Structures are given as C-alpha cells and as structure tokens.
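Engineer: These are the residues of each chain, in order.
There are 4 protein chains.
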Amino acid sequence: MHTIPIQIRFNDVDQMGHVNNAVIMEYFDLGKELFFQQHGMPPEKADFTVMIVHFEVDFQSQIRFHDRIAVETEIEGIGNKSLKVLQRVVNSGDGHVCATCRTVMSGYRRSTGKSEVIPPEIRALLEKKE
Amino acid sequence: MHTIPIQIRFNDVDQMGHVNNAVIMEYFDLGKELFFQQHGMPPEKADFTVMIVHFEVDFQSQIRFHDRIAVETEIEGIGNKSLKVLQRVVNSGDGHVCATCRTVMSGYRRSTGKSEVIPPEIRALLEKKE
Amino acid sequence: MHTIPIQIRFNDVDQMGHVNNAVIMEYFDLGKELFFQQHGMPPEKADFTVMIVHFEVDFQSQIRFHDRIAVETEIEGIGNKSLKVLQRVVNSGDGHVCATCRTVMSGYRRSTGKSEVIPPEIRALLEKKE
Amino acid sequence: MHTIPIQIRFNDVDQMGHVNNAVIMEYFDLGKELFFQQHGMPPEKADFTVMIVHFEVDFQSQIRFHDRIAVETEIEGIGNKSLKVLQRVVNSGDGHVCATCRTVMSGYRRSTGKSEVIPPEIRALLEKKE
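Protein chains in written order, with this note's numbering: chain A, 1 to 130; chain B, 1 to 130; chain C, 1 to 130; chain D, 1 to 130.
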C-alpha cells in the first residue's frame, strides 16, 4: 500500500476545531500525485494525463491538529478510459480510518482537449505493485 | 434557489491552469454556510449542529481564473438524522455547470459528541423556501 | 484608489476565530493581480513580469467571518528595476484599517531567469491613474 | 536551531510553477506554532497568548514542488510587550535560503482584548535553548 504521512498545518484547522473537509481533499490530492509519480506516470504537464471527474468521500472521524495521520492510496480498477483510485486518511496512532475517498479519473489529452483511452504503457505502470 | 457569486483567488488556480479540485470544495463549503445562515440555522458553535458525513462530486468542466461563477445550494431531502444538500458551481456567463456536489449531513450534538435527530424547529427552518 | 471587495471563506478563519494571517496574504495577492490586470499589464505568463521580492505587513485589527472587507491597492513608487505597492485591507462598514502591506516587486524576464529594468511601456501603464 | 521539514502540497504551487507567496506564510506559521509548543507555551486558546502584529519577508529564491525544504525558527529578541522571531525557509538539499521572515508578536490577553506585558514565566520558556 502506498502510504505517505501528512503534515497538518495550523490553518488546516477551522473554527470548529478540526481539520476542514476541503483541506482533507488537499491531503488526498497529494497522495494521488505522489502515488502517480512513484509509479512513473508522466509529469503533470505531459500531453496525456488523467483528470479527476468524480470523487466521493466518507468522513468517518474528525482530525485534530495534533493527530498523526497518513494517506493510503491504491488503484481499485482500470477501465478503458478511466481508472478508480481508493484512498484513506488513517490515524497513525491507532490505525482508525478518518476519511475514505473513491476517485474516478479519466484519461485526457491536452492537445485535443478530449478524454482518451488509457494507453497500455500507462496501464502497465499503474498495475505495477509497489 | 440560493445562489452566491464566488470570488476566485489567484492561488486557487494550480499549475494545471485551472481551479484546483480541493479549492472547489471551499466554494461548496461557503455556499452551505451562507445557505444555513440565511435560513436562520444556529451559528457554527451552537451545541446542535450538522456535520458533513459524506459528499460526492462530479467535475463537469474546468474553471479558470477569469471565469465568473456562482454556487447554487438547495435541500434535496431531510431524513430523521440526516439531510441531503444539492449544490452546483455554475458559470454565470453561459450557465453551464462546472461541478455538482451532493452532501449528506448528520445532526450532531457537541456536548454529547453524538449524532442526533434533526429537531423539528431546524427542519422547519430548512424547509422554508427562500 | 483601486478597491476590490473580498469574499471571506468559511475556512479562512482559524481556530483563533479570526482570519488567518497567511490567508490575508491571499487577499493582498488578489488585489495586486486585479490591479495589474486593470492597468493592462501583460498576463501572468508573459516573458516579462514582476515578482514579489519583499513584503512587510502590519496587522492592525482582527478580521472575522462576517466582516465586510475590501483590499485597496496603489503604486507607491517605481524605481529602475523595482516598484513599490501599497495595500490595505479595510473594513467596509466603518472604514477602519485591518492590515497594511507594502510590497517590493522586481522586474523579471522568464527566458533569462534574471531581474530586469522595468520597461518604459510598463512604467507608463502603472503610472496611469485609474 | 528549531527546524522542521515542510511537506509541500500539490496545490501550494500556483500557475507560475512555484510555491505561492501566501502559502509560504503558512509554512512560517507552522514553524512558529511548533516552536512555541516545543518550548512549552500555553496552548492556542489560553487566555494569555502572543499575536502577530507585523512581519516582513524577503523572498530570495523560488520553491518548486519537488524541492525539499525546512523552516528554521529562533527568537531574535524579547522586549517588554513584544518578541521578535526570525525564520528562514531553507532548501534541505544545498542549504540555500529561499525566504526569510521577521515577525513581531505582541503579548495579548483574550479576556481583556488588550496587549499585555510578556510574563516572566513565558519569557523564561522562550529564552530556554532547545
């Protein structure tokens, strides 16, 4: 499982005293980015890329400033034009899950501005086990 | 329909040249907050509140720095312990939808730390048409 | 005076109950960006641009979620290779100043990666009164 | 020297391709917070606290997504009602300084809403070497 610790910032915490929901999406974003890099995906500005078209998130327990947390990322499935990513924010102390995110990403070619089949070489990179 | 214009900030736009997905969640967050206020909901720090337990988002078209956009917010349904909020980021120029968010919020009492039935007076406030 | 209203977001407010200092810098950033645009400056990605090399900020009074605020921006001076921008966040209700920012920006050419004299045509644009 | 590594997030980088200036202030903020905690300062919500009244920042070199950076924090001086904090963002690879921040913080009592002399016990905590 691809796992990165997350550094919580002071201003990630809102007036409710817990990490703001929108900020948790930044954590998932970073998890995806580093997962893709580690798997040798072309850089952000390459002509072929994958873009988020849908995500759904369950918020299971609140995160506070002093919590130690990590983001886990794995591929749930790769279709013809899209792939599914499963992620969790987990508490590194006792392992409980704080939030779960399922993301659908679509192959996209910048030069055409259109969605595109995920090429076999990208598929191979993503299916590679860590 | 409860609608607020959104002011896009320079640093909402990431290196891909469009508004970052996590930032779009800040827009939806602000839409909810102002919707609840306008409907007379107790302030953020009241003992009874509603908390986000789930959301799912479709990203339909990219948002750029110079786009004029707005967030629309409405109640989709109110259950016993939860309510559903439907929101859209729309382009104020031609009206196309950039992103759609469905949120499930749960009644929550701070002093007990437990989820709680949505009281009739809150239900009445939220069912009130704008 | 170039003035833009600022839309405060829910998560701009930190656990201290006021708008976080780093977030106030986003307000100043947006003020500069829109000031430059209005004065016809080349877009962000043009080869010649101006970059922030220094700023100093006085925080005079706290900003809360429901405050109505605006950012005022003006040119304080234009030197050979740099320019000085003066900005204030003001409360639109009673006009009191919440924060004052003085920024030094330097002419910069991307293709050379070096600082550069501010060309006469840019100087003319910036000296133009609103 | 109190030093913390900083985790750069994907959306810290703006469309110019470098970490946004306002975001760098979040790094300095986190550095201060953790410095104060390590020195045993009362928590954020204690009645006596210190608040930022002024900062000035030199941006010496751009920060990119893949850079490894750290924030260094030290006390420059403690006056009667204020203290001065010196911070640097340094590149952990070759040690060059990316940004330098000098902050003036003022003693502040929440219950009175007034600035206040820094009490001897707080002064002692801050003067303590790491």
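Calculated directly from the structure, the hints in this document are not laboratory data. Just so you know, these numbers come straight off a predicted model, no measurement behind them. There's no promise every hint is true.
[Said to hold, decoys possible] Taking lysine-lysine pairs in the DSS-like style, the calculated list, with each CA pair at most 30 Å apart, reads: (1) A:45 <-> C:128; (2) B:128 <-> B:84; (3) B:128 <-> A:84; (4) D:45 <-> D:114; (5) B:114 <-> B:81; (6) D:84 <-> D:45; (7) B:45 <-> B:128; (8) D:45 <-> D:81; (9) A:114 <-> A:128; (10) A:128 <-> A:84; (11) A:128 <-> A:45; (12) B:45 <-> D:114; (13) D:81 <-> D:128; (14) D:84 <-> D:128; (15) C:84 <-> D:128; (16) D:128 <-> B:114; (17) D:128 <-> B:45; (18) A:45 <-> C:84; (19) C:45 <-> A:114; (20) C:81 <-> C:45; (21) D:128 <-> D:114.
Engineer: Determine for every hint whether it applies to the structure shown.
Structural biologist: Do the hints match the structure? See the list:
no. : hint            : in the structure
1   : A:45 <-> C:128  : violated (37 Å)
2   : B:128 <-> B:84  : holds (15 Å)
3   : B:128 <-> A:84  : violated (39 Å)
4   : D:45 <-> D:114  : holds (15 Å)
5   : B:114 <-> B:81  : holds (11 Å)
6   : D:84 <-> D:45   : holds (21 Å)
7   : B:45 <-> B:128  : holds (22 Å)
8   : D:45 <-> D:81   : holds (19 Å)
9   : A:114 <-> A:128 : holds (26 Å)
10  : A:128 <-> A:84  : holds (15 Å)
11  : A:128 <-> A:45  : holds (22 Å)
12  : B:45 <-> D:114  : holds (24 Å)
13  : D:81 <-> D:128  : holds (18 Å)
14  : D:84 <-> D:128  : holds (15 Å)
15  : C:84 <-> D:128  : violated (39 Å)
16  : D:128 <-> B:114 : violated (42 Å)
17  : D:128 <-> B:45  : violated (37 Å)
18  : A:45 <-> C:84   : violated (34 Å)
19  : C:45 <-> A:114  : holds (24 Å)
20  : C:81 <-> C:45   : holds (19 Å)
21  : D:128 <-> D:114 : holds (26 Å)
Comparing the model with each earlier hint shows violations of hints 1, 3, 15, 16, 17 and 18; every other hint is respected.
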